[in-house]
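> Protein chains in written order, with the numbering used here: chain A, 999 to 1306; chain B, 65 to 499.
What the hints contain is simulated information worked out from the structure, not anything from laboratory work.
Glycine is no exception: its CB is placed at the ideal position from the N, C-alpha and C atoms.
Please note that a few of the clues may not be correct.
Said to hold, decoys possible - A partial selection of chain A residues facing chain B, derived with a Cβ cut-off under 7 Å: (1) A1112; (2) G1130; (3) Q1223.
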Amino acid sequence: MKFDRKDILGIKDLSVDEINVILETAESFLEISTREIKKVPTLRGKTIINLFFEASTRTRTSFEIAGKRLSADTINISASTSSVVKGETLIDTARNLEAMNPDVIVIRHSAAGAPHLLATLVKQSIINAGDGAHEHPTQALLDMMTIKEKKGTLTGLKVAIVGDIAHSRVARSNIYGLAKMGAQVVLAGPATMLPRGIEQMGVQAFTKLEDAIVDADVVMMLRIQLEREKQNIFPSLREYSQHYCLNSRNIKLARPDAIVMHPGPINRGVEISPDIADDLSRSVILDQVNKGVAVRMALLYLLTGGNE
Amino acid sequence: MKMLLTGARVIDPGQKIDAIMDVMLADGKICQTGVDLLKSVKSKDSAKTKVIDLSGMVLTPGLIDMHTHLREPGQEYKETVASGAKAAVAGGFTSIACMPNTDPINDNRSITEFIKRKALEADMANVYPIGAISKDSAGIKLAEFWDMKEAGAIAFSDDGKPVMDAALMRHAMEYAWSLSLPVISHCEDTNLSAGGQMNEGYYSTILGLRGIPVIAEEAMIARDILIAEFTKTSVHIAHVSTEGSVRLIRAAKKRGLKITAETAPHYFTLTDEALQTYNTSLKVNPPLRSAADIAAINEGLADGTLDAIVTDHAPHARTDKELEFEYAANGISGLETSLGLSLRLVREGVLTLPELIAKMSLNPARILNLPKGNLETGADADITVIDLQLPWTVDVHTFYSKGKNSPFQGWEMQGKAILTIVGGEIKYADPRLNL
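If we strip away everything but chain A, and leave its shape as in the complex, we get:
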């Protein structure tokens, strides 16, 4: 299949075929990262700009390593504040970057839809590395790749996603992706964290963790943003962790071979108890990070016309 998409803005737009092509391409790139010399010349002469308007260590590093392993030149721009505060609009920033002729712009932004705005403005390929509470497509792709590796398939699996669904771009992208690939998605969180109309995305939502993880093949715990406490969507981390922390007791409700995922960074003892997070028979959190590099290599490769 020819992959002729200009941008990767969200999983919502991707077809099953496209997701499969990305995952297969990523699988073929996994091996490069295990070599002694972790570099291939595939994207030599290509320029990739990582434009991060929001703090990120994992995702930005992952994109940078992905580009470098393919021999692309990668440039990181970290704007700690929003473009508005900085004084230059996103549109002007984009036009300036465009004038320097990069091949791919990777953008993370706190405002939902910012990558879409960028994509309409510049001719370069745009990869959404997370926009507000909207989408985080590369995270969902690396999650799907991890699940597929551990479970052999995505079809027919029961995946429980637990935590602050309302503010989570990881949840939205995974809901789209997993549903397209034939998995059953169930959600859990207090009602304050379950956004209105979420069932219309084809998921079941529960207010108790236990109800969601029963017989789950995969349990994906979301990060709690500590500052959300101020919005009164939960009373305290203490109380949240008493009812929504995955631990050795409640995980027995899931299937015996269930895997545990987390997009990171973990608040240990809040979302996942340390013994579960460190139990390598269940926890695949570091596999996710590992797959992240391969997925991002695959996208850079496909968007720059790699499979033509």
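Mind docking chain B on chain A? Use the hints.
Relative to chain A, chain B alone:
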């Protein structure tokens, strides 16, 4: 100089007139309406009378937009009184009432006088300033209503900055009542709407944008209805956007309370589903709601729950809109699309043409106590002539308004104001009329 407008279908909801008639204007007033007025002219001073044949057209009392934002003083790059008043006549409006959220806020006599003076200089539509409810629209201290009334203010509102303090709103309604001027309430509980970008629902969920729940509007409408009932005063509810709001207002009217209400064309034309492209021209407050809300708005218009259709004309510069959705300004430039969009209600069978005209002229005049909105002999010669059939395409670049922020760009319309007469003078004539 006299003017004789002949052969049009004259619609005057106040006098329940809907018939082919001629209308004679003299000295800025309507001096005669009737059949075959041309004969009486020919016998006397035909040279002094300008005769305009309007066969096939609809002639109505000049349209009145009781909810406009002109950006002067302070944000003249978005709109001036002159550019807004010009856009108004191009859209068929002979009178507009402008909200006080300028910079500085219109919360005192001098700003009100300034706006009136700018309107006189512009010499286009009549411009009626609406004074602020509170000083700086900060929601703390009452502004000087009496002073502003003397300077020309015709209503009070903190539009855009909802009055969260119920006691202040109570006093505003009582004090305005004693001056016989209406209070216009922008109903939005800002605790419930905090940080919101669009209607809260399925589409805000999938777009990852913070939602504004319908209850943010409805809770404050309920509050203001209760205050009006308790204090035996009145209140006018601005830009109604939800099903629950229509229900609350309908029930209040049924109980005999003095509640009036308005909506705007985008609230019966567009839903939040359209936001999926993050198009900032669709960002407006209150936000675009659901299809069920549109159905309820239509019902409210049809049964009289909603008295007026306003533009909520909110002009912005490109720099205010060409931003991430979250940072973009709220508002739609509406003066030049309002009539075209509202005429769709007639074709859809929601309203009869006379009902629509009443909601865009007679009813706003009554709510604001303006001696306008009818074609009685002796009334001000404010007249709008509409070609119901004229097909046209919305092109923001041809707007007289400085605000090109319209989600209706490229829309195919049918029906347009082709002649706008203010005080007996032609202020806008479509080139196709060949006057």
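> Each of the hints needs a verdict: does it hold here or not?
Hint check:
Proximity of A1112 of chain A to chain B holds as hinted, the smallest CB-CB distance being about 5 Å (cut-off 7 Å). For G1130 of chain A, the interface hint holds, since its Cβ comes within 7 Å of a Cβ in chain B; the closest pair sits about 5 Å apart. For Q1223 of chain A, the suggested interface contact is broken, since its CB lies about 14 Å from the closest CB of chain B, more than 7 Å.
In summary, the one numbered hint that this structure violates is 3.
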